[in-house]
Structures are given as C-alpha cells and as structure tokens.
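Based on the hints, put chain B in the right spot on chain A.
Protein chains: 2
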Amino acid sequence: MALPTFHDVERAAARLKGVARETPVQTSRQLDGYSHASVFLKCENFQRVGAFKFRGAYNAVTQRSSSQPVVALSSGNHAQGIALACRLSGKVAHLVMPEPVNPIKRAAVQEYGGIVHVPADPRDAELFSRDLVRELQGEWIEAFNDADVIAGQGTAALELLGHVPDLEILLGPIGGGGLLSGTCLAAHGINPRVRVFACEPAGALDALYSIRENRIVPQERPQTIAEGLRTSVGTLTLPVLRDHLAGFFVVEEEEIVAAMRFVYERMKLVIEPASAVAVAPLLRREPALRGKRVGVIISGGNVDLSQYFDGLSSACPPFSGER
Amino acid sequence: MALPTFHDVERAAARLKGVARETPVQTSRQLDGYSHASVFLKCENFQRVGAFKFRGAYNAVTQRSSSQPVVALSSGNHAQGIALACRLSGKVAHLVMPEPVNPIKRAAVQEYGGIVHVPADPRDAELFSRDLVRELQGEWIEAFNDADVIAGQGTAALELLGHVPDLEILLGPIGGGGLLSGTCLAAHGINPRVRVFACEPAGALDALYSIRENRIVPQERPQTIAEGLRTSVGTLTLPVLRDHLAGFFVVEEEEIVAAMRFVYERMKLVIEPASAVAVAPLLRREPALRGKRVGVIISGGNVDLSQYFDGLSSACPPFSGER
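Protein chains in written order, with the numbering used here: chain A, 1 to 323; chain B, 1 to 323.
Isolated chain A (complex conformation):
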C-alpha cells in the first residue's frame, strides 16, 4: 500500500464534509496560565462515536469500492467508527472484539448495526479475523496501518489549522500512529514549519524506540491506563512519523491522571486518558512549549465512568417529598 499524502488528507476532508462533525476548538485561561503557552484544544471527544477514529473509519469504508462486508479488529473506538461508517454507507460491519470488551462499547457497536464477534481466545483474534475476512470475502480495515485511515485522521489537524492558522506546535497522543501520521501530513502540507510532537506514555514507549531504531519495535507488556496507546506502530505510520516528527514527550502515569483531572475540573471536558497524554507536557511546562501557540488533538472521550455514577446513585437520598 502506498504511503498517504497531503492530497489524500484533503480528499478525505471533502468526503467527511457534512458527515463528520467539525468539532469545536476550546481554549482556557487557566490552561494558558499554567502552561505559559497559548493552547488550542481540538475537541475530538465531541466527534461522532466520541473519538477521532470515526474520521479514518469513514474515509476508509467509503474508499473500499465493493459492497462487500467490512471486517475490523478492535475492542475500542475503531470498532465504533467502522460500525457507524458502515451504517451510513449501507454496508455490513463485522467487528472482532477480543476480551476484555467494555459492555458500553459493545452496545454502541451493536446500536450502529455492527455484528460483534468475540474470539474464544483473545490471542487468536488476528487469526480469527483473517478467517472471517476469507469466509465473508470481506474488506479488511486496519485500525491505523491503512492509508485511507491515516488520511482521514489527518482531517482533524486540517480543521484545527483552518481555525487557528498561526499554530507553531501540534501535540497528539501516539499509539499505532494513525492519528499522528495523519496530523503530520496535514500540518506540513499547510505549513512545513509547524513542529509536530508525539506524546507517549512511559509505560508504552514503543513508538519512540521504533523511530530511534527505524524499525518496528513491538510493544510488549504495555503498562498504561491509556488503553488506546498500547499498540505498536505500523509499516505505513513509521516512515511518515520518522520523516515528520519534531520529537517526543514522554509522560508518566501520574501525569496522565493529573492532566485528565485538570481538563475535567477546569475545562469541564470529558476526555479519555490517551487525550490527557497530550495535555500533560503543557502542565509540566516543557521548555519547547513555553510562549508558543500550541494545538492539541484531544483524541476522544470514551471512558468508563460507571464507578463514579454508581457511587453517586448510592449516595442519593431516598425520595421523601410529596408530588
């Protein structure tokens, strides 16, 4: 598969027009004050399915010309993105969701009409998926190592730079690198001087090593609450990232939680841990960011709040009023 280009990002943006939400850009006096920077959050937590993943999924689904069913492997946001994209395109989506499956995400996929398959052994998920593709003569769409997916993800940065053209720096979280490679293509297609930094949890540092060694260093035993960032980079994302990234910010787990808390409490936004990874370098006032105009891709807001709300419910006083 050929590497995606800026032109692909632009074409993806045209396809997504009126389908994906043009998400708002939020600012905060408090975040600017703490970070000593001017910060612009591109709120993909407000995107359809609650994450940027809808962009890439929709672009890829509509680029597969056949009307064959689509097969994807994901227990997370990619699954929801593919399910909704297929529904909107009149295609059938088969989602292979290895355990542990969050029941809310599973329900969301099914609400969009996706057919869910749970392999008996999560370690067989890839084999299971390949068999399913063959059986159904389906179209396989990878979560990040796919040129159409990457081009779709880049449209978030394209919109952000459309809103705030004079950004000097862009930050985003890195897992498989789909979001970040798309962001690089978009940013440098518009302005080659924008510096794009990848933000990676210390407990899942494969992307940093992969770029240093210029080969895919697999992510083994990742230890981070940022679920979406536990994957390894791919054959398409690695070369794009290598050519475009200005550097990495490595973030500790406690910083992820502190950044999440800041964004919830001060900015009133529900974000997932992966998004907080890209906010954390601002809160510790990375020297490279001070005094700069910084855009941050807030990747999504799909987080399990059951414990919080179960606690609230049990704290409810029993009803004692009259009507």
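Residues on chain B that point at chain A, a partial pick, calculated with CB under 7 Å: (1) 46; (2) 264; (3) 268; (4) 270; (5) 309; (6) 313.
Bear in mind the hints are in silico, worked out from the structure with no lab data behind them. From the three backbone atoms N, C-alpha and C, an ideal C-beta is built for every residue, glycine too.
For chain B alone, kept in the frame of chain A given last:
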C-alpha cells in the same frame, strides 16, 4: 428594590461583553434521538468560574458604584463569581462560606483574591454576614434576590436566543430562582411566545409550592444532590417567575444521576447535578417537549470528582519502563 426588566438584561449584556465568556451552544444527535426534540444546550459550565453565576456577580459588582468592599454569603458558585468579579473590578471581596466548604471551591475563591470567612456555627451565617457588612461598611450582594444579579443571569438566555432564534421552549434548573427569573425576562423580551419551564428536584420542591401559593414557602430540609437548588425563592424572583413561567417539571434523584451520566458519557460534558435537573425532563420525553425546539441552560460544571480521580490514581500501574 425594583423588579428587574428586559432592558436591565440588555444593559447587563453590554457590561459583560468581552468579560464573560460567550459560551458555546452544543447539540447532540443522541440527545435529540432520545428526547424526540431538537435540543440546544447553552454551556455555562464553560463560563468563567465554571458556572453562570459569574454573569450576575459581575453585573452586580460593577453596578455598586462605591469602591467599598463587597460581602457575599455563599459556599458555592456565587462566592467564586463575586471573588472573580471583584478582582476584575479592583474591589475587595469578603466571602462568608459556611461549613461544609468544598476545599476546591475555597481554594478557587482565594486564588481570585477573595477573603474567606467561615462562621463558627453555620446557622449563624446570616447574622455573621450582616455584622461583617456593618463593620466593613461593605456592599452586600445576595446570591439571587438582587435585581442586578437577576439581570446578569438573564444574559445567558439572551445569547442562546441570539444563536438559535426560533426556540419554542426554554428549560433551566430552579433554586433561588435567579437564573430562571433572568431567563424569563430575557426570553419574553425577545419573544413572548417562548415557554419557560422550571425544573426542580422532587426533594426540594419549594419553588413550585411558592408559585402555587403566591408566597415564599421556605425550603426546609431539602434532600437532593443538586446542591445549588436547595435554597428558597426570594421576594424579587417570586413575582417574576409567577408572571412568566409556563410550568414546572419535577425530577427525581435517580433521574438527575441518569441525566448527568447521559451528558458525561454521550456528550462528553462535565456538568453539575443542578444542570442535569434541566436535562432530565427531555430524557423522560415529557409530552410538552416532544417535537419542539428546546433550549436548556446548563448552569455549571463545578462538581467534586475527587473520588473518581483518586480511584484512577490508585489503579495506575507502577512505573516500570525505562526512559
């Protein structure tokens, strides 16, 4: 004190221009789908200090012509609003905050330069405040029963109707009635056919009884997690509400938690329980709201999430990677 008018709301809007945030209006396909209505949330959780209260506080503080210190009684959002308004106006703010004081709110007030007083006995808070006003020759600003405060709160609805002129119904939570009476004045000044409904917890139903009996029925022993709604209506808010309200929606505690959860999980917004009170009637598909264009004033997002984040922190895997 004379009752506030629509003209007062318009003048307040002029004063707040460039000072208060013109908060965004958010929509959600999912909320529209569930409620069978077209819903527009005016997001005052994104307002300065995290709640609409800044509007009224700033309008009142700047209308007190003297440079005397300002005294207010509040453990909640009004305290933060007054503290910030005073800082912006070069005045000294004294906040009487009866226990229990949320340490985050106390810290926020102090961050804005407010001087915090905690009366030894919370039952003496009013007496304590009156003494303080006399001692300091201060300006007293009530949390809701103040014409300038009411006019300021009305500017949220004014902005909302500016964004979405063809709204048929407005919903807001009711405690002391400052937000709702300002909303009534704003809405009917623009379009007398807009129907404004008050949303009140079943466990704190004083406003409904007060309007029915056309006298202030004091709120005794309120039982609701919506802290901000535990107060009684006042001599200024009652007549405005009586003349303008189309009706009440009474909301159970479980509905408040369910509506909060819906807004966090589906719309990715951090809101406080009082705001959820105004969303709940939509989720139970009140007949009066079906098929209508409904605006909702989301009052704020100041909620204590400590338990959730403490839980997240302790779930963090210990750091094991290398740098």
